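J.: Single-letter residue listing:
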Amino acid sequence: MDYNVIWYILVGVLLIGYAILDGFDLGVGALHLLAKGDHNRRIVMNSIGPVWDGNEVWLITAGGAVFAAFPHVYATAFSGFYIPFMLLLAALIFRAVAMEFRSKEPHRRWRQFWDAAFSISSAIAATLFGVTIGNAVTGINIGADKEYQGTLMELLNPYALMIGFFVLTVFTLHGSLYLIIKTEGELQKQVKQWAMKVYWIFIIFYIIVTGYTLFLHPEMIANFSFGKINYIGGRHELIDHYDTFVSITAWIIVILNGLAVLNIHRCLVKGLEHQGFISSALSIGAMVGLFALGIFPNMIVSTFDPTYSLDIYNASSSQKTLKTMFYIALVGIPFVLSYTIAIYWVFRGKTQLDENSY
Amino acid sequence: MDVEILSRIQFAFTIMFHYIYPPFSIGLGLIMVICEGMYLKTDEKVYENMARFWTKIFATTFSIGVATGIVMEFEFGTNWATYSRYVGDIFGSPLAAEGIFAFFLESGFLAVLLFGWNRVSKRTHFFSTCMVALGSTMSAFWIVVANSWMQTPTAYEIVGTGLEARAEITDFWAMVFNPSSLIRFAHTVNGAFVQGAFLVISISAYYIIKNRHLDLAYKSIKIALGVALVASLLQPVLGHEHANVVAEYQPAKLAAYEGLYESTDHASMYVIGWTDPETEKTYGIEIPGMLSFLIAFDFDHKVPGLKEFPKEDWPNVNLVFQTYHIMVGLGMLFIALTAFSILALKRKNLHEKKWLIYILIFSVPLPVIANQAGWVSAEAGRQPWIVQDILRTSDALSKAVKAEEVLFSLIMFFCIYLLLFFAWIYILDKEIKHGPEDAVTSYSHRKERLDMFEDKDEE
Numbered sequence: 001m002d003y004n005v006i007w008y009i010l011v012g013v014l015l016i017g018y019a020i021l022d023g024f025d026l027g028v029g030a031l032h033l034l035a036k037g038d039h040n041r042r043i044v045m046n047s048i049g050p051v052w053d054g055n056e057v058w059l060i061t062a063g064g065a066v067f068a069a070f071p072h073v074y075a076t077a078f079s080g081f082y083i084p085f086m087l088l089l090a091a092l093i094f095r096a097v098a099m100e101f102r103s104k105e106p107h108r109r110w111r112q113f114w115d116a117a118f119s120i121s122s123a124i125a126a127t128l129f130g131v132t133i134g135n136a137v138t139g140i141n142i143g144a145d146k147e148y149q150g151t152l153m154e155l156l157n158p159y160a161l162m163i164g165f166f167v168l169t170v171f172t173l174h175g176s177l178y179l180i181i182k183t184e185g186e187l188q189k190q191v192k193q194w195a196m197k198v199y200w201i202f203i204i205f206y207i208i209v210t211g212y213t214l215f216l217h218p219e220m221i222a223n224f225s226f227g228k229i230n231y232i233g234g235r236h237e238l239i240d241h242y243d244t245f246v247s248i249t250a251w252i253i254v255i256l257n258g259l260a261v262l263n264i265h266r267c268l269v270k271g272l273e274h275q276g277f278i279s280s281a282l283s284i285g286a287m288v289g290l291f292a293l294g295i296f297p298n299m300i301v302s303t304f305d306p307t308y309s310l311d312i313y314n315a316s317s318s319q320k321t322l323k324t325m326f327y328i329a330l331v332g333i334p335f336v337l338s339y340t341i342a343i344y345w346v347f348r349g350k351t352q353l354d355e356n357s358y
Numbered sequence: 001m002d003v004e005i006l007s008r009i010q011f012a013f014t015i016m017f018h019y020i021y022p023p024f025s026i027g028l029g030l031i032m033v034i035c036e037g038m039y040l041k042t043d044e045k046v047y048e049n050m051a052r053f054w055t056k057i058f059a060t061t062f063s064i065g066v067a068t069g070i071v072m073e074f075e076f077g078t079n080w081a082t083y084s085r086y087v088g089d090i091f092g093s094p095l096a097a098e099g100i101f102a103f104f105l106e107s108g109f110l111a112v113l114l115f116g117w118n119r120v121s122k123r124t125h126f127f128s129t130c131m132v133a134l135g136s137t138m139s140a141f142w143i144v145v146a147n148s149w150m151q152t153p154t155a156y157e158i159v160g161t162g163l164e165a166r167a168e169i170t171d172f173w174a175m176v177f178n179p180s181s182l183i184r185f186a187h188t189v190n191g192a193f194v195q196g197a198f199l200v201i202s203i204s205a206y207y208i209i210k211n212r213h214l215d216l217a218y219k220s221i222k223i224a225l226g227v228a229l230v231a232s233l234l235q236p237v238l239g240h241e242h243a244n245v246v247a248e249y250q251p252a253k254l255a256a257y258e259g260l261y262e263s264t265d266h267a268s269m270y271v272i273g274w275t276d277p278e279t280e281k282t283y284g285i286e287i288p289g290m291l292s293f294l295i296a297f298d299f300d301h302k303v304p305g306l307k308e309f310p311k312e313d314w315p316n317v318n319l320v321f322q323t324y325h326i327m328v329g330l331g332m333l334f335i336a337l338t339a340f341s342i343l344a345l346k347r348k349n350l351h352e353k354k355w356l357i358y359i360l361i362f363s364v365p366l367p368v369i370a371n372q373a374g375w376v377s378a379e380a381g382r383q384p385w386i387v388q389d390i391l392r393t394s395d396a397l398s399k400a401v402k403a404e405e406v407l408f409s410l411i412m413f414f415c416i417y418l419l420l421f422f423a424w425i426y427i428l429d430k431e432i433k434h435g436p437e438d439a440v441t442s443y444s445h446r447k448e449r450l451d452m453f454e455d456k457d458e459e
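Protein chains in written order, with UniProt numbering: chain A, 1 to 358; chain B, 1 to 459.
It is worth saying that the hints were derived from the structure and are not from the lab. Please read these numbers as outputs of a predicted model, since none were measured by experiment. Some hints could be false.
Unchecked claim - Okay, derived cross-link-like pairs now, EDC-like style, lysine to aspartate or glutamate, Cα gap no bigger than 20 Å in a straight line:
1. Lys430(B) to Glu355(A)
2. Lys36(A) to Asp145(A)
3. Lys307(B) to Asp265(B)
4. Lys433(B) to Glu355(A)
5. Lys402(B) to Glu186(A)
6. Lys399(B) to Asp145(A)
7. Lys399(B) to Glu154(A)
8. Lys302(B) to Glu352(B)
9. Lys270(A) to Glu186(A)
10. Lys320(A) to Asp171(B)
11. Lys122(B) to Asp145(A)
12. Lys222(B) to Glu352(B)
13. Lys56(B) to Glu105(A)
14. Lys323(A) to Glu431(B)
15. Lys122(B) to Glu355(A)
16. Lys104(A) to Glu168(B)
17. Lys323(A) to Glu437(B)
18. Lys56(B) to Asp354(A)
19. Lys104(A) to Glu437(B)
20. Lys320(A) to Glu431(B)
21. Lys45(B) to Glu355(A)
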């Protein structure tokens, strides 16, 4: 395994961490307007109060890691997706300051404005992440110069939008499962009802998205098809070498993912708060992992010509940078994990409002 | 307007707006550590109130700093994609290190700092405050490292030709400790201490004039004036060291600082002045030979003027000249202002000098202007290079982005930031008027003050 593969995996781990952690707080944000009354809304917002900022750092670090390890991917994606990324920035700004400002002023209009800003921007951010993933699956128009040559509307194609709404439902379900852990009493009852409704929407989307992807983009499972489906533009030697092992592992993940999804329903019915949330977290991890395995070793597929695609070799930094960065990650990751665990431990239990709350 | 000018305006606007906030966070962070450390040591309630109150003010600025900071990270890719391709091998790693070493630390302990008062022990809380302060300072370190590499690039080699050409790193630590990074970091963070301290000074001075929360106000202003005085005395020393590095590595920038067109062995320093790009002359009040002296401790040291360099490599001289002199002038003012105020505090007659208190209240934008001006002179002074002598700004743009798209995002940021700015001022004003939760009024100044105004009813 070379440093390019290691960095592909590390970026994947950062994105899984981001999707699981910020996933629930974007979901909580998307649900925020459903909560009625000021007290309930404050509980909803404060359930993610101490943790959302740390969760977002996973995105920032993933961005920095892509910049350092795969600068061409960073440059092509960020400049190619200019308008969607600008809207994402607007959404992330509004979300952050809405939480800080919302409860600072008792006026009804003030609170309504920031409530709406918080909720809508959370939903937009979740959807835009999905749109980006959708485009990674379909591929975009990249020329020989590694530059995006398509238009904005091509990025907002039906398939990408479908993935966008799918990610929104995944995060909303994940967020509602988190809220069940953090709330009690009447509010928790309501949250459980939302979770059940979102669950069924999610199941419908899950089936449609899976079927549609297999039909339109069978190459997404080429890496774990026991060599039955041909990959456009050549496979990575690691896949060739460990074909059976990779395929079996991937299909075990597919099956476990299905079980985790079913388990969410069981947990909702039986009131198993933590298990439901963990199932959903594992499911998100599995989906991001399978997606990453599906496009490997490409990072951005060119629809013009497979040889124009950006992969982990033609888009990467020098070996020296990859190696140095690997040691930085090795030193940093234990710290990161220990802060993250410590913070979730300190703020465990049901959300209570006090004088320090939002 | 074309993509280049729009992208430059957007970057300048978004980074200048962003940079209002991090220096407040860094400076306030230090003062919070001092207040909470005093609380731990003395166990006096007033220090706890101070720690809690300044933390509240900190939270308001911190959240905008974080939110607007993500914009900067995105913009390297969205607007400067060619730059990112060209130097990503080098420039990306300090950004990633900032994420791994600084942001996680900062955001993790920020949660305990803001929401953990009733959940963790006093010591753990104090530790969290220290870690947040450390995190924001480390964040400054890595970002200044990245920027310093653009000013004084080292430890790289150009690999490939044409479209494939890019800079590759040869030595990571030599890149991190490039000739200008440490001194620029010290100068930047020290400027942040001044800015954070002046916010505390301003709010405390407001309470003193309003005769409210006096104990908290006097104790806070004492700490903040101390921080501000030490930092502003240190700042010219650090600035001088920095200017020496500029003289060695970026002589065109140094020439622009002082509007020096012709090379001379008796270069002047201007107190105030104006450069005329038409006649290529500089007018103003000058101290002859001072620039030569500051660089080499020799009044007759030869300093190269702008004419030594091709005209297409000149920065916007007047912009660099003026922002540089605004920074220096304000820096001198901070020394005088803080020294005078500390003297008044020592003589216990600060409250008599109403005019001084009013100056202190309204002086809070001045360090913001000084810090901004310093950065503008540093960044504009590097132009037309985005990486000194390696890559021109005009060659660093995103090829896939159109002018209309940048215009759209520029207008969008302008509207959002305007809204944020006014919301921030409004909330800050409210927090200040509301004041700390629990006012303790045992400090001797209060008694003294009350005696003076013969207002003994309250005793």
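J.: Now tell me, hint by hint, if it's right for this structure.
T.: Hints versus structure:
no.	hint	result
1	Lys430(B) to Glu355(A)	holds, 16 Å
2	Lys36(A) to Asp145(A)	violated, 52 Å
3	Lys307(B) to Asp265(B)	holds, 14 Å
4	Lys433(B) to Glu355(A)	holds, 17 Å
5	Lys402(B) to Glu186(A)	violated, 52 Å
6	Lys399(B) to Asp145(A)	holds, 10 Å
7	Lys399(B) to Glu154(A)	holds, 18 Å
8	Lys302(B) to Glu352(B)	violated, 51 Å
9	Lys270(A) to Glu186(A)	holds, 17 Å
10	Lys320(A) to Asp171(B)	holds, 8 Å
11	Lys122(B) to Asp145(A)	violated, 57 Å
12	Lys222(B) to Glu352(B)	holds, 16 Å
13	Lys56(B) to Glu105(A)	holds, 15 Å
14	Lys323(A) to Glu431(B)	violated, 48 Å
15	Lys122(B) to Glu355(A)	holds, 17 Å
16	Lys104(A) to Glu168(B)	violated, 49 Å
17	Lys323(A) to Glu437(B)	violated, 51 Å
18	Lys56(B) to Asp354(A)	holds, 14 Å
19	Lys104(A) to Glu437(B)	holds, 15 Å
20	Lys320(A) to Glu431(B)	violated, 50 Å
21	Lys45(B) to Glu355(A)	holds, 17 Å
Taken one by one, the earlier hints fail for this structure at numbers 2, 5, 8, 11, 14, 16, 17 and 20, listed in ascending order.
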